Amino acid sequence: MVFIYKQGKQPCFFYENWLISIIIYYIISVVIRMKKDKVLFVIPAYNEEENIEKVLKEIKRDVHYADILVINDCSKDHTEEIVRKNNVHCISNVFNMRYAMAVQTGIKYACENGYDYVIQFDADGQHVAKEAEKLYKHAKETKCDIVIGSRYLKDLGYPCPFFRRVGTKLFEKIIKIFCHKRIADPLSGFQCLNRRVIERYAKMGNYPEFPDANLIIEMLRSGYTVEEIPAKMRLRDAGESMHGGIIKPIKYMIQMFYNIFFILITCPKKKVKTDE
Amino acid sequence: MNNIYFIIIAIFCMIFVFVNVRKKKFSISESFWWMVASFVMLLLAIFPYSIDYIAKLIGVNYPPSLFFVLCIIFLVAMIFRNSKRISAQQEKIIELGQQVSILKAKVEEDKNSKR
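In order, the protein sequence lines correspond to chains A and B.
For the first sequence, this note's numbering gives the first residue as 92, with consecutive numbering after it.
For the second sequence, this note's numbering gives the first residue as 4, with consecutive numbering after it.
Chain A with its partners taken away, still in its complex shape (with noise of 0.2 Å):
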């Protein structure tokens, strides 16, 4: 940058500069808009040898542009192998440590190496790739942190079971009550989430053991912005659910609960900027 002076007067160097600076700023926000995001594909895995195949050729043919991390949560059969002959990065969990904290390890690797767009994905073959980059691309236009992929938000034809329906009924209302927000069906694992969200999930210490309607409404109530978009899913093909028996899914709902209730209760709710 040059000053110039001239005599009986201040130096003007804004003045003789201004148009060089503009145009200094046009170029790099241009190059920033340029830089492509990060998208990483995190796909926790259980003995899912029979359906991580079809998933992961799926999503390479789809959305090419994106990174895959499958994190084999000690499997007993051959999920590790089958990744890896497909050249998909693998993360191998050193003892079994649940779905919720298998998706941390993944997002922990995610905000380690930089990415900005985090897509959580099943291994069962339930979600469908095309739909996740339409996650991505609502993300990146509206900007908001976390996009859920919902079932119920419009009727797409996915039958579901009486309980659960029942439940995720009862989790939107929770929700519209404590937070006013329409959020159709919380208990989605099909979720984009952006490098703020990423951030703050790679360093909580009490990520809950199932993450789901409780995440939602404390990530509400601390201000972060959740959109939810209407997206096709499958019927699992083979393998087991996670919420199967008549225990589990008791066991299920009261710790849920109870979940919630201590979050309404410690996490004091801010105001949600609106562009408006």
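Mixed in with the good hints, there may be bad ones.
Claimed, not checked - A short list of chain B residues far from chain A (calculated; beta carbon distances all over 10 Å):
no. : residue
1   : Ile12
2   : Met17
3   : Phe19
4   : Lys27
5   : Lys28
6   : Phe35
7   : Ser41
8   : Ile57
9   : Ala58
10  : Val63
11  : Cys74
12  : Ile75
13  : Arg84
14  : Glu94
15  : Val103
16  : Ser104
As the list claims (entries may be wrong) - Just the calculated beta-carbon pair ranges, DEER-fashion:
no. : chain 1 : residue 1 : chain 2 : residue 2 : range
17  : B       : Phe83     : A       : Ile341    : 24 to 30 Å
18  : A       : Phe253    : B       : Ser32     : 41 to 47 Å
19  : A       : Asp168    : B       : Asn23     : 42 to 48 Å
20  : A       : Val257    : B       : Ile96     : 33 to 39 Å
21  : B       : Ser34     : A       : Cys251    : 53 to 59 Å
Just so you know, these hints were derived from the structure itself, not from any lab.
Keep in mind it's a predicted model, so treat the numbers as computed, not measured.
Built from N, CA and C at the ideal position, the CB exists for glycine as well.
Add chain B to chain A, keeping to what the hints say.
Using the frame of chain A, we list chain B on its own:
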């Protein structure tokens, strides 16, 4: 004569705690409260009427019940302390496991790329 047995039992408890600490099966900081408990037991064995005196001070009609209440409070406090520690350690273990698995994956990747 009855309290001689109790004195022996209390001393035996103290020795038991002490031996365990010496064998490094029990950390010093962890053994503190058990040592205190066995010491209180020894005191009560030597002066058995002190509990009656304290009960009269507080206004408890039946002195042995005071003793039981104190025991229960001590045990519950110990259990609560333990479960607090368990959850803190659980968190640490999971954190460690996650970091180890990430690092293990990284090391394997480096090995493969060098070949």
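Results of checking the hints against the structure:
| no. | hint | result |
| --- | --- | --- |
| 1 | Ile12 | 42 Å, holds |
| 2 | Met17 | 39 Å, holds |
| 3 | Phe19 | 34 Å, holds |
| 4 | Lys27 | 26 Å, holds |
| 5 | Lys28 | 25 Å, holds |
| 6 | Phe35 | 27 Å, holds |
| 7 | Ser41 | 36 Å, holds |
| 8 | Ile57 | 38 Å, holds |
| 9 | Ala58 | 39 Å, holds |
| 10 | Val63 | 36 Å, holds |
| 11 | Cys74 | 30 Å, holds |
| 12 | Ile75 | 26 Å, holds |
| 13 | Arg84 | 19 Å, holds |
| 14 | Glu94 | 6 Å, violated |
| 15 | Val103 | 5 Å, violated |
| 16 | Ser104 | 5 Å, violated |
| 17 | Phe83(B) to Ile341(A): 24 to 30 Å | 26 Å, holds |
| 18 | Phe253(A) to Ser32(B): 41 to 47 Å | 54 Å, violated |
| 19 | Asp168(A) to Asn23(B): 42 to 48 Å | 44 Å, holds |
| 20 | Val257(A) to Ile96(B): 33 to 39 Å | 36 Å, holds |
| 21 | Ser34(B) to Cys251(A): 53 to 59 Å | 55 Å, holds |
The structure is inconsistent with the numbered hints 14, 15, 16, 18, although it conforms to all the rest.
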